[in-house]
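Number of protein chains: 2
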Amino acid sequence: MLLHHRDDAAKGNLVEFRPDIKVLDCSVRDGSLVNNARFEDGFVRAVYDACAAAGVDYMELGYKSSQRVFSVNDYGPWKFCKEDDLRRVIGDSPHALKLSVMADSHRTDYHTDILPKDQSVIDMVRVACYIHQIPGALDLVRDAHDKGYETTLNLMSISRVSERELCDGLEVIAKSPVDVMYLVDSFGSLYPETTRDLAMGYLEIMKSAGKEVGIHAHNNQQLAFANTIQALTIGVSYLDATIYGLGRGAGNCPMELLLGFLRNPKFDIRPILNCITNAFLPLRTTTEWGYDIPYMITGQFNEHPREAIKFLESESTDYLGFYKAMEDF
Amino acid sequence: MLLHHRDDAAKGNLVEFRPDIKVLDCSVRDGSLVNNARFEDGFVRAVYDACAAAGVDYMELGYKSSQRVFSVNDYGPWKFCKEDDLRRVIGDSPHALKLSVMADSHRTDYHTDILPKDQSVIDMVRVACYIHQIPGALDLVRDAHDKGYETTLNLMSISRVSERELCDGLEVIAKSPVDVMYLVDSFGSLYPETTRDLAMGYLEIMKSAGKEVGIHAHNNQQLAFANTIQALTIGVSYLDATIYGLGRGAGNCPMELLLGFLRNPKFDIRPILNCITNAFLPLRTTTEWGYDIPYMITGQFNEHPREAIKFLESESTDYLGFYKAMEDF
Chain A
1 MLLHHRDDAA
11 KGNLVEFRPD
21 IKVLDCSVRD
31 GSLVNNARFE
41 DGFVRAVYDA
51 CAAAGVDYME
61 LGYKSSQRVF
71 SVNDYGPWKF
81 CKEDDLRRVI
91 GDSPHALKLS
101 VMADSHRTDY
111 HTDILPKDQS
121 VIDMVRVACY
131 IHQIPGALDL
141 VRDAHDKGYE
151 TTLNLMSISR
161 VSERELCDGL
171 EVIAKSPVDV
181 MYLVDSFGSL
191 YPETTRDLAM
201 GYLEIMKSAG
211 KEVGIHAHNN
221 QQLAFANTIQ
231 ALTIGVSYLD
241 ATIYGLGRGA
251 GNCPMELLLG
261 FLRNPKFDIR
271 PILNCITNAF
281 LPLRTTTEWG
291 YDIPYMITGQ
301 FNEHPREAIK
311 FLESESTDYL
321 GFYKAMEDF
Chain B
1 MLLHHRDDAA
11 KGNLVEFRPD
21 IKVLDCSVRD
31 GSLVNNARFE
41 DGFVRAVYDA
51 CAAAGVDYME
61 LGYKSSQRVF
71 SVNDYGPWKF
81 CKEDDLRRVI
91 GDSPHALKLS
101 VMADSHRTDY
111 HTDILPKDQS
121 VIDMVRVACY
131 IHQIPGALDL
141 VRDAHDKGYE
151 TTLNLMSISR
161 VSERELCDGL
171 EVIAKSPVDV
181 MYLVDSFGSL
191 YPETTRDLAM
201 GYLEIMKSAG
211 KEVGIHAHNN
221 QQLAFANTIQ
231 ALTIGVSYLD
241 ATIYGLGRGA
251 GNCPMELLLG
261 FLRNPKFDIR
271 PILNCITNAF
281 LPLRTTTEWG
291 YDIPYMITGQ
301 FNEHPREAIK
311 FLESESTDYL
321 GFYKAMEDF
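Chains as they are written, first to last, in the working numbering: chain A, 1 to 329; chain B, 1 to 329.
Please keep in mind that the hints were generated in silico from the structure rather than gathered at the bench. A hint or two may mislead.
Heads up, the list lumps identical chains together, so a pair's fine if it works in one copy or across two of them.
Claimed, not checked - Dumping the calculated DSBU-like pairs for lysine-lysine here, alpha-carbon to alpha-carbon at most 35 Å:
no., residue 1, residue 2
1, Lys324, Lys147
2, Lys22, Lys324
3, Lys310, Lys117
4, Lys11, Lys22
5, Lys266, Lys324
6, Lys147, Lys310
7, Lys11, Lys324
8, Lys207, Lys11
9, Lys175, Lys310
10, Lys324, Lys207
11, Lys324, Lys82
12, Lys310, Lys266
Based on the sequences and whatever the hints tell you, model everything.
In structure tokens, the structure reads:
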């Protein structure tokens, strides 16, 4: 018979579900990179309600950014995630799903801006950093951990880091109090094969330290969903997704695809579909994101999407010219 | 170190190339399902020139359909692929890449309409059929084979066929003179894991009979490219793709993603990018295809995309209503 060729590394199967799987919606947070965090309260509330009804485990509301680095005049409230703004939209009462914020390790005044957990509606602080920022990021992790939060470390741009440096980084992170270590495909340049390799490395190091591994994928090569399910198949358990794939550049792993794949009956795709119709189709008329040829090209070249964003803003469709420019970049 | 977790079943690696890989462009053929084969000559010629310059191995020009079944008044020339139409666009001189046509097993007058190879510009006849049509399809394969053509068998809708029946089918096909057996994901419902299982089964049976295996994927769940590279990783060697993902419903594996992945220096993505700018962006203003929520839903339900096509034609955006309708379908 045909169906006996399972990958030896697979955890679980296609019919049962793994109770360790957690889904995190980062529509508003990653979307904040598209529109400078200028989402209306009603939109954020619509995402919150949809995620709560869909059984999503976490919703990320935005960045916890320093007002010394970023001006409140240039960004909407989801760039700073002040407690009052969060409570205005989410309410004070016990919330239906856990809330997270992202803190860029070197652009967050965490000693003052991250309150003790019992004074905040936030449940989890996700710390983003580059390889050379790990020590500072771990100081932020420790601060948030000591204040009572769940914590993750999201190490960015790993597709341009040497394997040696990455391993050294993971070994250091494994000794920290962080709960979840994220595999982040910042440029959408990973293939399922490379995702599998990397995820197995992350899992080996993190599982033996009692930590979970997550994945945050970008869709430059239409592989965000494929890479996410490749990673989960071999044991990654925290899965980032955004409704309708919202996110910077080519966007992220679409929540609707992910919930359609997961088999835990607590997940329900229906509220997400409704939210797409009512909140995301209107957003689409003013805001652009998603797979497009220039983002594919930066993904293929393992480059930051910023050049593609610039090219698209120019309204040129000279894809060959852009490709040649990236060859010489 | 991290990168030592290769799938044991992998053939080749991410740096070298496999000389057995053949790329087949079916933009015009699968695209003919979108617009009733009404492509202008200039468009077909642009695809041909781009594929030739890009090192693509085969280009499929359309269907070889019976004029008793389909009226020439209802369809453009690529529904019938008459020799004169092909020569008008491609020319009589030796062509730069091999040409194929698709023949639906029970809607082709192959005894009369498929000429002996030495009277045709066509190099390969690809026979499409459902599981219950295999005997008739193999008669067509034998006819084309005896006339001097390369042949493939593209068995459709296998995601709704029992494993027992599928194995029986493959065993029968393995005894025929067909050169290449295609794994076809008609509904875009396969995941990389299921693609891997099925491809290994196809390969086991076909390789021992001296045949190659191909893959034709649809993009309902943004997995057409992922499933294609999953299949090729374990030994599938004929890869279908379409420029800009053109094709019925959610479309196909995008050629530009595939050529960006392949490492054989004979492949060149640049002419494809140019062709997107010059021929596909204009087509896009009049013709719709590609990933969309209704196609995702039929993919998740393992259904033919026809209900999604109908829903999109109605211009409704009530995705939840469509989902519920498919639940009760």
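We went through each hint and held it up to the structure:
1. Lys324 - Lys147: neither (50 Å within a copy, 45 Å between copies)
2. Lys22 - Lys324: Between. Shortest inter-copy distance 26 Å satisfies the 35 Å Cα cut-off; intra-copy 41 Å does not.
3. Lys310 - Lys117: Neither, since 40 Å and 51 Å both go past 35 Å.
4. Lys11 - Lys22: both (15 Å within a copy, 33 Å between copies)
5. Lys266 - Lys324: This pair counts as between: shortest inter-copy Cα distance 18 Å, intra-copy 48 Å.
6. Lys147 - Lys310: Close neither inside one copy (40 Å) nor across copies (54 Å); limit 35 Å.
7. Lys11 - Lys324: The answer is between: 31 Å across copies meets 35 Å, while 42 Å in one copy does not.
8. Lys207 - Lys11: both (14 Å within a copy, 29 Å between copies)
9. Lys175 - Lys310: Neither: 40 Å inside a copy, 56 Å across copies.
10. Lys324 - Lys207: neither (43 Å within a copy, 40 Å between copies)
11. Lys324 - Lys82: neither (44 Å within a copy, 39 Å between copies)
12. Lys310 - Lys266: Classified as between: cross-chain Cα gap 31 Å, same-chain 41 Å, threshold 35 Å.
Against the hints set out earlier in the document, violations occur for numbers 1, 3, 6, 9, 10 and 11.
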